[in-house]
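Asker: Sequence lines, in order, name chains Z and R.
For the first sequence, the positions run 49 to 206 when the working numbering is used.
For the second sequence, the positions run 173 to 672 when the working numbering is used.
The hints are simulated quantities; they were obtained by calculation from the structure and are not laboratory data.
Beta carbons are placed, not taken as given, at the ideal position from N, Cα and C, and that holds for glycine.
Just to be clear, a hint being listed does not mean it is correct.
[Said to hold, decoys possible] Below, simulated DMTMM-like cross-link-like pairs (lysine to aspartate or glutamate); rule was C-alpha separation at most 25 Å, straight line:
hint: 1; chain 1: R; residue 1: Lys313; chain 2: R; residue 2: Asp178
hint: 2; chain 1: R; residue 1: Lys362; chain 2: R; residue 2: Asp630
hint: 3; chain 1: R; residue 1: Lys459; chain 2: R; residue 2: Glu416
hint: 4; chain 1: R; residue 1: Lys455; chain 2: R; residue 2: Glu416
hint: 5; chain 1: R; residue 1: Lys362; chain 2: Z; residue 2: Asp77
hint: 6; chain 1: R; residue 1: Lys554; chain 2: Z; residue 2: Glu168
hint: 7; chain 1: R; residue 1: Lys466; chain 2: R; residue 2: Glu396
hint: 8; chain 1: R; residue 1: Lys561; chain 2: Z; residue 2: Glu83
hint: 9; chain 1: R; residue 1: Lys456; chain 2: R; residue 2: Glu416
hint: 10; chain 1: R; residue 1: Lys600; chain 2: Z; residue 2: Glu58
hint: 11; chain 1: R; residue 1: Lys561; chain 2: Z; residue 2: Asp166
hint: 12; chain 1: R; residue 1: Lys423; chain 2: R; residue 2: Glu462
hint: 13; chain 1: R; residue 1: Lys415; chain 2: R; residue 2: Asp357
hint: 14; chain 1: R; residue 1: Lys313; chain 2: R; residue 2: Glu462
hint: 15; chain 1: R; residue 1: Lys313; chain 2: R; residue 2: Asp630
hint: 16; chain 1: R; residue 1: Lys561; chain 2: R; residue 2: Asp374
hint: 17; chain 1: R; residue 1: Lys362; chain 2: R; residue 2: Asp374
hint: 18; chain 1: R; residue 1: Lys456; chain 2: R; residue 2: Glu396
hint: 19; chain 1: R; residue 1: Lys600; chain 2: R; residue 2: Glu396
hint: 20; chain 1: R; residue 1: Lys466; chain 2: R; residue 2: Glu525
hint: 21; chain 1: Z; residue 1: Lys170; chain 2: R; residue 2: Asp417
hint: 22; chain 1: R; residue 1: Lys362; chain 2: Z; residue 2: Glu58
hint: 23; chain 1: R; residue 1: Lys455; chain 2: R; residue 2: Glu396
hint: 24; chain 1: R; residue 1: Lys554; chain 2: Z; residue 2: Asp166
[Said to hold, decoys possible] Heads up, incomplete: computed chain Z residues facing chain R, CB under 7 Å, no partners named:
hint: 25; residue: Ile128
hint: 26; residue: Arg132
hint: 27; residue: Ala185
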Amino acid sequence: MTSKQIRRVEGIFWVGIGILICILGWRADLGSFREPGAGFVALFSGLFVAVIGMILAISEIFTKADQSATFDLSSAFKGISWSRLIYTMVLLFLYALLLDILGYIITTFFVMWALFYDWETKRWFPSFFTSLVTTGASYLVFEVWLHSQFPRGIFPWW
Amino acid sequence: MNVFHDLLYGFGVAFQPWNLLSCFFGVFIGTLIGVLPGIGPVGTMSLLLPVTFGISPVTGIIMLAGIFYGAMYGGSTTSILVNIPREAASVVTCLDGYQMALQGRAGPALGIAAFGSFIAGTLSVVGLMVLANPLAALGVKFGPAEYFSLMCLGLSVLIYLTQGSILRGLIMAGIGLFFSLMGQDIITGKTRFTFGLTGLIDGVGLVPLVMGFFGISEILFNLEMLTERTVVKAKVKGLLPNKEDWRRSAKPIARGTLLGFFLGILPGAGGITSTFVSYALEKKFSKHPEQFGKGAIEGVAGPESANNAATGASLIPLFSLGIPSNVVAALLLGALMIHGIRPGPLLLTEHPEVFWGTVASMYVGNVMLLVLNLPLIGMWVKVLQIPYKILFPLILLFCFIGAYSAGNNVFDLYVMLFCGILGYLLRKFNYEPAPLVLAYVLGPMLEQNLRQGLILSDGSFWIFVSRPISAACLIITFVLLVSAVLPSLQKKRRVIAVEE
């Protein structure tokens, strides 16, 4: 894809998002100029995004850009360790999902253990120990000293 | 005389044991996170924001401000020793700082960065002290029209000065504005744009949003390719710059301070721009411009001073007008508002302890930083050597704790993760998160003032152009926006960026 094509797609995408925001603003009650309603500013922000998106899409027409210049979309994601990235993201979502159910201590311990785990050496004890210390220390600092209120989950006495 | 009296009062507040301790804690944590990758001052301040709920407002603000300027100090250490800037404002320091380190002059580079930062930081506090009062007096005369126009100007300046495409910056601002509208309408109380999610009734939280866009996305970005950092192995010694170093650095420090201070006052401009301009200026003034990029001490002294001067100056619009000029100032605004304090023209009269206490603590904090940075440099170097695979789970945990503690709500964790992934994808396509976050912060104020202005003028937009200050701000905003979409000017801007 050439840079020009990328910008056009990008611009059209934002025009779509802008129109969507305008519709949401319109549905939330626009009011009038004398008494602007809850959707008044949203309409303007949507229009703004749509107009800028349109300019983005057509801007290359007015510039003497190198027509042969290409943008390889895959290069932006080249060399990425996908397994590591997806593994971390899954753990993050699991943390949010389980926090209320299992409570802070258990969830933090297991998720930290998985995050600290070194897939190269495959030794479980260092990550287990680091996770134990991290969970204990964070609980002590934030819950005990700073009085943050973490979810207790299945063990309400913690 | 009045200012002197007020400053003495401020020192009385700053020297109270708890405030002194929180100042030390702030600058220490600030330096630490300035050295560490990933979390940054914005993330750390978000993390510690809930901690301030249980302490007095002045103690909390002193700590948060300490993190802000402490991180600026810490950022120079990584730029010089590892050639990796933790903050955008430290990018320029890499150019000559790392070269000096490779030549065995890491000590003087770190030393001049610390001294330059100290001098500039202290002088900017003097400026803050002198200018805040007159600006606040002017601010009293501001109505909805002026506030609305000034916020438009602030946003435009930030976008204009972003490193990437202006058009992309403008789009980010529009999206940030929409994010700020989610939840209850500030005037009618009607719920809007919640998409049926009860967690959005109170709107998108500042802390999860900031943690997501700056903390999680940064971690995901770094996780893509885990590369080991090369820390300068030689022992860092001789931190005190010699006579020749001082002779070469004195003028760059002075110029950097002035430049940083005046650019820092501008809403949106801040530290990043001032470092680039300072570097370009020093190169132009130098008798040996060919040495720049090869270890010229002026290339470290000027930008580091400019960066720290801008830090203090960026608090001026916040304290005197109630307008945050960057994301960090926005977090300070959030912290003050949580405590029921509205920054703005009346802050100096209604809560003098907050303003003068913070100003005085910044003097104290700058001294603390000098003491922390020079003798403890060895410790910071050791911190730099902690492997990232150990650091990133800890940073993630801090992000989770910060996002959860702000509202004791798991929904905020999902918001943070959503913003993190969105931020990661946007960064992949060269969209910067800063305009989005600033627009999100300014959004409610912008909406309120626009709607109030229209109600006051019976629906006429004339109110925004008939008042001189408002008109001036809008004209500048218009010029900036038009220049943003003119291809020839865009091209010129790109050339300047490349030259810098």
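Asker: None of the hints should be skipped; say for each whether it holds.
Answerer: Evaluation of the provided hints:
no.: 1; hint: R:Lys313 to R:Asp178; in the structure: 23 Å, holds
no.: 2; hint: R:Lys362 to R:Asp630; in the structure: 22 Å, holds
no.: 3; hint: R:Lys459 to R:Glu416; in the structure: 15 Å, holds
no.: 4; hint: R:Lys455 to R:Glu416; in the structure: 18 Å, holds
no.: 5; hint: R:Lys362 to Z:Asp77; in the structure: 10 Å, holds
no.: 6; hint: R:Lys554 to Z:Glu168; in the structure: 24 Å, holds
no.: 7; hint: R:Lys466 to R:Glu396; in the structure: 31 Å, violated
no.: 8; hint: R:Lys561 to Z:Glu83; in the structure: 55 Å, violated
no.: 9; hint: R:Lys456 to R:Glu416; in the structure: 20 Å, holds
no.: 10; hint: R:Lys600 to Z:Glu58; in the structure: 13 Å, holds
no.: 11; hint: R:Lys561 to Z:Asp166; in the structure: 8 Å, holds
no.: 12; hint: R:Lys423 to R:Glu462; in the structure: 18 Å, holds
no.: 13; hint: R:Lys415 to R:Asp357; in the structure: 61 Å, violated
no.: 14; hint: R:Lys313 to R:Glu462; in the structure: 51 Å, violated
no.: 15; hint: R:Lys313 to R:Asp630; in the structure: 21 Å, holds
no.: 16; hint: R:Lys561 to R:Asp374; in the structure: 36 Å, violated
no.: 17; hint: R:Lys362 to R:Asp374; in the structure: 11 Å, holds
no.: 18; hint: R:Lys456 to R:Glu396; in the structure: 39 Å, violated
no.: 19; hint: R:Lys600 to R:Glu396; in the structure: 11 Å, holds
no.: 20; hint: R:Lys466 to R:Glu525; in the structure: 47 Å, violated
no.: 21; hint: Z:Lys170 to R:Asp417; in the structure: 50 Å, violated
no.: 22; hint: R:Lys362 to Z:Glu58; in the structure: 33 Å, violated
no.: 23; hint: R:Lys455 to R:Glu396; in the structure: 36 Å, violated
no.: 24; hint: R:Lys554 to Z:Asp166; in the structure: 22 Å, holds
no.: 25; hint: Ile128; in the structure: 4 Å, holds
no.: 26; hint: Arg132; in the structure: 6 Å, holds
no.: 27; hint: Ala185; in the structure: 10 Å, violated
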